[in-house]
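Protein chains in written order, with the numbering used here: chain Y, 50 to 559; chain P, 50 to 559.
Quick caveat, the hints were computed from the structure, so don't treat them as lab data.
There could be a bad hint or two in this list.
Pairs count within a copy or across copies, as identical chains cannot be separated in the list.
What the hints assert, rightly or not - 27 Å max Cα-Cα, derived DSSO-like pairs, lysine-lysine:
id, residue 1, residue 2
1, K528, K102
2, K217, K102
3, K388, K335
4, K525, K309
5, K151, K79
6, K135, K196
7, K263, K231
8, K83, K119
9, K135, K195
10, K217, K232
11, K68, K149
12, K135, K119
13, K108, K528
14, K349, K485
There are 2 protein chains.
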Amino acid sequence: MTEIAQIHMLSANLDENYKKIRKCVKDAQKKSVKTLIFPAFSLTGYPIADELKSPEFIKQCWSYVERLLKYTENLAVVLDIPFLEKNQLVHRLLWLENRKIKAFSDNSCGWNDMGLSFERYFKTSKQFQSPKSFKFGLAFASELEKKLEKSSEFEKWIVLDAWSFDYKTINFRINYFCDLAKKYHVEIFLANAVGGQVSLILSGGSMHISSEGKILKQHSYFSESFLSSKTVKVPKSEIEWIYEALVCGIREYFNDRGLKQAVLGLSGGIDSAVVLPLVVEALGRKNVLGILLPSPYSTKHSIVDAIKSADNLGVDYHIIPIEQAFQTMRQTLLPVFGKRPFDLAEENLQARIRGMILMGISNKFGHVLLNTSNKSEIAVGYGTLYGDLCGGLAVLGDLYKFQVYELANFINRKREIIPQNSINKIPSAELRPNQKDSDSLPEYDVLDAVLQLHLDHNFSTSQIIEKGFDAEVVKKILKLIRNSAYKRQQTAPQLRISNSAFNIDRITVF
Amino acid sequence: MTEIAQIHMLSANLDENYKKIRKCVKDAQKKSVKTLIFPAFSLTGYPIADELKSPEFIKQCWSYVERLLKYTENLAVVLDIPFLEKNQLVHRLLWLENRKIKAFSDNSCGWNDMGLSFERYFKTSKQFQSPKSFKFGLAFASELEKKLEKSSEFEKWIVLDAWSFDYKTINFRINYFCDLAKKYHVEIFLANAVGGQVSLILSGGSMHISSEGKILKQHSYFSESFLSSKTVKVPKSEIEWIYEALVCGIREYFNDRGLKQAVLGLSGGIDSAVVLPLVVEALGRKNVLGILLPSPYSTKHSIVDAIKSADNLGVDYHIIPIEQAFQTMRQTLLPVFGKRPFDLAEENLQARIRGMILMGISNKFGHVLLNTSNKSEIAVGYGTLYGDLCGGLAVLGDLYKFQVYELANFINRKREIIPQNSINKIPSAELRPNQKDSDSLPEYDVLDAVLQLHLDHNFSTSQIIEKGFDAEVVKKILKLIRNSAYKRQQTAPQLRISNSAFNIDRITVF
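Extracted from the complex, chain Y is given alone in its bound form:
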């Protein structure tokens, strides 16, 4: 019996990861498993970044493999490690069995550590060492197709991956492996890591695919799964995939750090109203604290809607008006500002006072501040640095505004959790009287359409204009993207759910 241990590993925490691997091995032996497969980077965690530059770390990886070897009596264990070979860092899959390394894959360096190419660490070794007299092919997911093209000697393939979820690729990916199995008439055991690491969400969903391309057995998405055989719940729509991924991303961010509690600002607007049920789902309502921070420019419905969003979920909240602090700050700055008119500086002061209050509560009680900015705002810099852009994790940071609405409707599909008024009202930062987002930005439907063409499809200014969008609007949006790069460098890290996430897939340096 061949099994996959779809475990969640901690980045660079060899000790904890080894304990988990050891436990799975013990359990597998009890249940008479013959071959136990671990997803890519199970020992090291993923991503590991510059730990790979430490020779000591690499040595330690090897020592853990030596320890593990002792427990491979009558059990084959497949996992990967980085190690030094002729002073070069290489990356191989190992097949451990009966206290020996029975087989290993040729060196691979096809990994892309999300923004960091693995070329940063691994050298391509030229020698090709394929396992001999051995019935399994061994490959990392990124190189499987190439290996299948070259070799027809194996009928079964063990494939390791640590795939970072994005909603655009997930279905393609499932079909891709099934198609490969069918095309080359091979059985595939695809072990994929699960969990999260700040921005990255690893999807799990490991599979055993028949040589006819049928999924024989599947592991759960977004949760650990070991020797599992129960039926797996597969999300049915794009927005359900996104929902499940975000909940996983939040949960693992807290789990990995031994943290439990979150705080967030509730403005009555759509963004914070959507973050709240996600956090409640991930952490439980008792671990979430909402803070209402009304200013003189807050409308009455903002407070009503914010309270309703907390009450609908049974979440505790405080109301902390910022007017007094705002007046004191203006007073404090009066000797320098003089009689200059109210402008962006005063708007930002309010956003920063809110940020300061939320961070104060975070520091005092140990709650993690969750950020509620969306990708449309972050793209064009419509947010205040050190104000509404602060926090430990930007839950919606990779969702366009239209996706935030879709998510709201998905969450409300059975009953009103997010106040309908938060969904219906016209978006506003409420930092000056009667402000609307559309005073500063194009309407969100235009903004989102242009952003998608540019960020998701690499369309240039002229190509977008050719699609029929107003030239001035397009130029303005692309200029805003460029000119707000400095803000994105200091914004809370965003949970990545697409293949055009800022700071990972889209790197701008201006």
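Add chain P to chain Y, keeping to what the hints say.
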């Protein structure tokens, strides 16, 4: 006559870069130059990051080369561009002459875009196309040695680079190229880019080296130089290199953005006292505004020293006490904080009020806020996120505390510019009564020694302990580094002067 146009280019601003190239070409023709060499990435700017993913951008690069070709009557122009070849992005040096591409280098992908491997963009093409019947070898700096090993057909080499300065490598680098010239008995024209791009400081210092390994002609460091023949000022010590690099980094950050004015907080401590003369050197004293932000915990000497540092340089300053704002913030948070004791939350409040005031002035007047944190603090997270970690550029962010002192003494070598008391006093954040940095951190001499071993030399915990450092102290420091990664992700970008700069050379993901 062969000449180097050591120009500063703007990242991804093809239009401006082309104009500059065109102007140099025109001037060269007037002065009967035969061959004009541009540093690497002169057309595209460097770094360019994800612009390289836009096919439209790549096409535009090519169209500028076509325009430039028209002006190559009786003049050879050497520069590099990225372009598409069989749908793969490649990167070549071109030799343009008499309206034709007379020669080009084989495809190279040895570039490392500072943290981003160029493998992210460029595919290695397998065909090797060396220029024929042609007396110059063409290479990027990173591949020169390999090419020299392989080929002995050229006596002269044109070498392009866009080398990001670090004080540890600069002298090695100069000797390296001289040694190569001598060893292979070839003449080298090394054209290196100059200027800055946020964190990166490109050093300039282009050279013409004889086949005996002697520097025949040198271009200036840290400033543009075209057809220059005057004597070049070469810094004489590590700290002088660092000083010149930092001034260049500040100056170019402002120049590139069309900005002129800076604001910074003056605490009377060593860090801000060292940043001030650097900024004055880069921008002129009239473009710098100092802000003193005393709190109830500020000592009297802090204010005296801060005023003195401004007066010594003739810089304007304002004094804005933060006590009122601090009391109001505590009052505002009282309903949530209750009677909990004064702790880190209240310390951070003060730092954030200061950040808010400085950003308010930045927003109101358009001054860029300069950050004064040093590498020792940033490494261990001894700073307040959205407080003293905010700003557009962290001037000392890649200098250990001991280097800040060295720089202070260097700046004061002729007269007291930095108040001696700022240099002599015991470092303190002054956020609670009688606070010293050493209450929370090891003494800076121990901290800096451990940080250097770990960050500069990749020493692990046990290796550092073996060197004789206290085990608990070492463990604490390395744990602090790891646990403060989340702060570094949101800290102002740091001017890079070493080869262990955070977020560029040292990437941690926890």
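Quick rundown of the hints versus the structure:
1. Taking the closest pair of Cα atoms, K528 and K102 come within 27 Å of each other only across two copies (18 Å); inside a single copy the shortest separation is 38 Å, beyond that limit.
2. Only between protomers do K217 and K102 lie at most 27 Å apart by alpha-carbon distance; the minimum there is 19 Å, versus 33 Å within a single protomer.
3. For a Cα distance limit of 27 Å, the shortest separation of K388 from K335 across copies, 23 Å, qualifies, whereas the shortest one inside one copy, 47 Å, does not.
4. In the homo-oligomer, the alpha carbons of K525 and K309 lie at most 27 Å apart only across protomers (24 Å), although the nearest pairing inside one protomer, at 42 Å, exceeds that limit.
5. Taking identical chains as interchangeable, the C-alpha atoms of K151 and K79 lie at most 27 Å apart only when both belong to the same chain, with a minimum of 22 Å there against 72 Å between chains.
6. Proximity of K135 to K196 under the C-alpha cut-off of 27 Å is found in both arrangements, the shortest distances being 24 Å within a copy and 24 Å between copies.
7. For the identical chains of this complex, K263 and K231 are intra-copy neighbours only, at 8 Å inside a copy versus 64 Å across copies, given an alpha-carbon limit of 27 Å.
8. Proximity of K83 to K119 under the C-alpha cut-off of 27 Å is restricted to the intra-copy arrangement: shortest distance 16 Å within a copy versus 71 Å between copies.
9. In this assembly of identical chains, K135 and K195 lie within 27 Å of each other by CA distance both inside one copy and across copies; the values are 26 Å within and 20 Å between.
10. Taking the shortest alpha-carbon separations for K217 and K232, only the intra-copy value of 23 Å comes in at or below 27 Å, while the best inter-copy value is 54 Å.
11. For the identical chains of this complex, K68 and K149 are intra-copy neighbours only, at 20 Å inside a copy versus 65 Å across copies, given an alpha-carbon limit of 27 Å.
12. In the homo-oligomer, the alpha carbons of K135 and K119 lie at most 27 Å apart inside one protomer (26 Å), although the nearest pairing across protomers, at 51 Å, exceeds that limit.
13. For the identical chains of this complex, K108 and K528 are inter-copy neighbours only, at 20 Å across copies versus 48 Å inside a copy, given an alpha-carbon limit of 27 Å.
14. Taking identical chains as interchangeable, the C-alpha atoms of K349 and K485 lie at most 27 Å apart only when both belong to the same chain, with a minimum of 15 Å there against 47 Å between chains.
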